[in-house]
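S.K.: Below are the chains, spelled out letter by letter.
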Amino acid sequence: MDLTTIIQILDSSLRLATPLLLACLAGLFSERAGIFDIGLEGKMLAAAFFSAGAAFATGNAWIGLLAGIGASMVLAAIHGVASITFRGNQLISGVAINFLAAGITVVIGEAWFGLGGRTPALAGDARFGNIDLPFARALSDVPVLGPIYADLISGHSILVYLALATVPVTWWVLFRTRFGLRLRAVGENPAAVDTAGVSVVGLRYAAVMICGLLCGIAGAHLATALGAGFVKDMSAGRGFIALAALIFAKWRPWYALGACLLFGLLEALGNRYQNIDIGGFDVPTQFMQALPYILTVVILAGFVGRAIPPRAGGEPYVKER
Amino acid sequence: MTDGLPKWVDIAVIPLINVLLALILSALVVWMIGEDPVRAMTILVNGAVGSAYGWGYTLFYATNFVFTGLGVAVAFHARLFNIGGEGQAALGGLGVALAMLYVPWPHWSLALVGATVAAALFGAAWAAIPAYLQAKRGSHIVITTIMFNFIAAALMVYLLSRVLLVPGAGGSPETARFAEATHLPNAFALFPWMGWSRSTPLNVSFFLALLACVGVWVLIWRTRLGYEIRAFGHSEPAAIYAGISPVRITMIAMLISGGLCGLMATNAVLGEAERLVIDPVQGAGFVGIAVALMGRSHPFGVFLAALLFGALYQGGGELQFEMPSVSRELILVIQALVILFTGALDNMVRMPLEKVFVSARRRPAPPEPTSPKGADNDPIAKVEP
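Read top to bottom, the protein sequences are chains A and B. Following our numbering, the numbering of the first sequence begins with 1 at its first residue and continues without gaps. Following our numbering, the numbering of the second sequence begins with 322 at its first residue and continues without gaps.
In case anyone wonders, no lab produced these hints; they're calculated from the structure. Treat the hints with care, as some may be off.
[Claimed, not checked] Okay, derived cross-link-like pairs now, DSBU-like style, lysine-lysine, Cα gap no bigger than 30 Å in a straight line:
1. K250/A with K319/A
2. K250/A with K328/B
3. K328/B with K319/A
4. K676/B with K457/B
5. K457/B with K250/A
[Stated by the list, open to error] Cβ-to-Cβ under 10 Å is the rule here; a few derived chain A residues that face chain B:
6. F36
7. W172
8. L262
9. G302
[As the list claims (entries may be wrong)] Over 10 Å on every C-beta distance to chain A, these chain B residues come out as not near it, computed from the model:
10. K328
11. P358
12. C534
Beta carbons: idealized from backbone N, C-alpha and C, even for Gly.
Okay, chain B solo, but in the shape it has when bound:
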């Protein structure tokens, strides 16, 4: 019920307040461990966007988070909570590695197409079983996707240490490097005049991420399927009455979601590492949850939120370098607080704001909402078990 709130407050003001709250609390943590929060914030911002070097990493991380954020967002539209981005992205990495190692690609552009298809297929396949169990057997998708994250982690360790291990790779299990022809051009190779550093990890899959944003926007708001996904997310009984099959929509939404999470591997595995290592995802699947929540499940919002988190991840690394007593894990705290405020404590900010706006309008107060939160625009207000 957002009767009391104009749309711009809902999509801009509330997320901003939430992020501010998260940052203020994180600054308090920094202050409590005896460091200067203002200086920490300055280092963080400078490290992230103060140089071409910083931008390269910020945008590289943002590319990862756009993919996983979009993945989580598409599932949110169908009121499905996909916590399995981590595992789906790892499997996407496996798909990319297999495609790169066993197919002789003549040129990077073809390799990118091949990697995209493989990553999406493997990611979607890993989401397929939880999706099927939710659709057909009513198994809670949150629990099954969590379980599949762990199964994926075990599977990846097994495959990397027993099957795909390249002899003499040193300590950590990893595959052989992909062939020279498949290496994606990075920002330095593409736009040398922009001052990127030679080894910047930012690469051509950034454009793939932009494309994915546009694609998801078209899918959700301009196609029949997207309409069905949203209708199903708003009200399952209404969707069924309108002839929309819950099984079909659950499956399709989760397959798209898993595929998008898998696509992350084109950036992290093909674009940067150029081989498959243990845990290529590095928590990006979970960041996707924060990104989707903050971006209100809208591709443009997801893009902005991904930029913010990209900057946090890059700036956090610099922060640890400059202030050794502030650990890199401070980012995890900020991330947790963003998730908490945007996802779980949303009403804490929303309720007072609604009161303010309703009284400002000087009209009889509308009847109190019977539904707990903004059920109309919060696709996951109720994740049904």
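In isolation and in its complexed conformation, chain A is listed as follows:
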């Protein structure tokens, strides 16, 4: 395996890791505030559809992005109403949102475009183009570092860089601001936050809506940057891989980056090679696809580095009387 191949694989890992990373950080906000969210998948899917639809109609990827974020935040609001206001079961609400998105995208897509649930292919400004970082071409002749800078670091869509920038921002918001402290507290001990005179409901809604925002960007990336248009079920379990990455990262932003890059790499390898030969042993591509899930189960089992979720996760908060 030469340098070009390695760079190509890493390059595609980064692209594939981007939606995972955004969805994973989305889940991080929500779950840190004590709201379990297995509806990441559905929010991404809805965002992918509406971003592609709006981008096709207007020819502008940015309007598409806004539409995707809007759709995702509507679903996030439903999740918030169900799990915060009506204190329903957060897991069931998430399941419902996944089905709602899977159904409604195809129903509306078929009615609007009549292409069996697809949107027409996007081209030109309707997609997020790749950005060449400064001096990328000039430096590409430099041995080793040149191609790494020109092909791996440069030449991605703006959403990839946005996703990478979200990691330190998330860390800063959660661990260096008053809002972040309160948000984490609400996921560990909402009663204490309530006693301090801070609104538990308000904080949780804020977290859920941030989650919707980030899932919206993730979905828009799928349909208008990674792909060129929406196809039925295009999120293809990525919301669940993001959930797996979140657990793998033990609900921490920097580890989330690592986990998502790892899972992105697995996907890139699986796409590139049908079989991987390790020491004469033939590893089928299906094993690579299942590996993120297997790793998550192993982590959850607690035999290797135990993952402990936020303490108040999944519990509706009821004021003491």
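Guided by the hints, dock chain B onto chain A, whose structure is given.
M.R.: Quick look at chain B alone, frame taken from chain A:
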């Protein structure tokens, strides 16, 4: 706390209101995409129950959903949320396929017994690891069962495309057809005078589903084990105090749940496809969640809810045929809304109704509930991580 509500409201009125809300919203969706909701509903109902052909498919789908719904319901009674029905049913299909392909069954009745055992064992085995991790290591069963769905999907693709693939099967990977002797008689063969079409998928495993309903009812409400499962579901500390082992109950409830989900394969794999194809489950594992929630985890309720969803699935297919602009996925929307209203937004309907009933009774209002929802009869109000 259902102090304010009579039982019949809880088990009949609230689910009906929930389904009505879901249908009204779905009708709105149909209206918004420029079609006539009334006509769509008429086609849907006619397609599902308007002919013997429609009934055959409706009851066939309902059979699948009874199995997965019962599976989810048994886990609900122990306050465990089994999202893994999809994977467990797929593994059940694998069990059925292996049993049919490698054992020379002389007669379909014996084959059905063999398939039942294999499907239940494989389904239960696939639930065993998440169950063990929940019981012993406290790993959240919802997450592990989701992960096991994906692992099952990858495993099935691997096995079908590399190991069990029959040469020359055409495009999609599938196993060889099961032997002629194992083919289950369908409704046409059993009751020709009832006007079933010759190729109806409805088959003898429908009775197995009925049997499973009765079996689960006996188990949950008439046996010591069922009592222990319910006690554990209502209150874990109380159950422990009463000498009930949480590890044992978690394991047993999940094994039964996985086994029931696996049984779906007797209908879908042995009864209809007569070979194992990629994704024999077709989402039935997830429909089971909606069915169990709507049926209030009671076998009779599960049966009725399964009928409703069977009709929706069959009618939805017809709907797409008659109104091409309304896609089959409309069923997914209805399913999602049913899950949302019965499972997550239950309090939205329950709270106003409680107020109405309390004021109608003209007595001092009971103290406001401190627990968020009907904790007494909602076995999954709190799924502990």
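S.K.: All the hints need checking, so say for each whether the structure fits it.
M.R.: The hints, checked one at a time:
1. For a cut-off of 30 Å, the pair hint linking K250/A to K319/A stands: about 28 Å separates their Cα positions.
2. Our distance criterion of 30 Å between C-alpha atoms is broken by K250/A and K328/B, whose separation comes to about 43 Å.
3. With a CA separation close to 27 Å, the supplied pair K328/B and K319/A stays within the 30 Å bound.
4. For the hint linking K676/B to K457/B, the alpha-carbon distance of about 42 Å lies beyond 30 Å, and the restraint is violated.
5. Restraint check for K457/B and K250/A: satisfied, since their Cα atoms lie roughly 20 Å apart, inside the 30 Å limit.
6. Proximity of F36/A to chain B holds as hinted, the smallest CB-CB distance being about 8 Å (cut-off 10 Å).
7. A distance limit of 10 Å between C-beta atoms decides the matter here; for W172/A the minimum to chain B is near 27 Å, and the interface restraint is violated.
8. Interface hint at L262/A: violated, since its Cβ lies 16 Å from the closest Cβ of chain B, which is beyond the 10 Å cut-off.
9. Checking G302/A against chain B by beta carbon gives a least distance of about 5 Å; that is within 10 Å, so the hint holds.
10. Every Cβ of chain A is farther than 10 Å from the Cβ of K328/B; the closest lies at roughly 21 Å, confirming the non-interface assignment.
11. Chain A leaves P358/B outside its interface by the beta-carbon criterion, the shortest separation being 13 Å against a cut-off of 10 Å.
12. Non-interface status of C534/B relative to chain A is upheld: no Cβ of that chain comes within 10 Å, the nearest being about 23 Å off.
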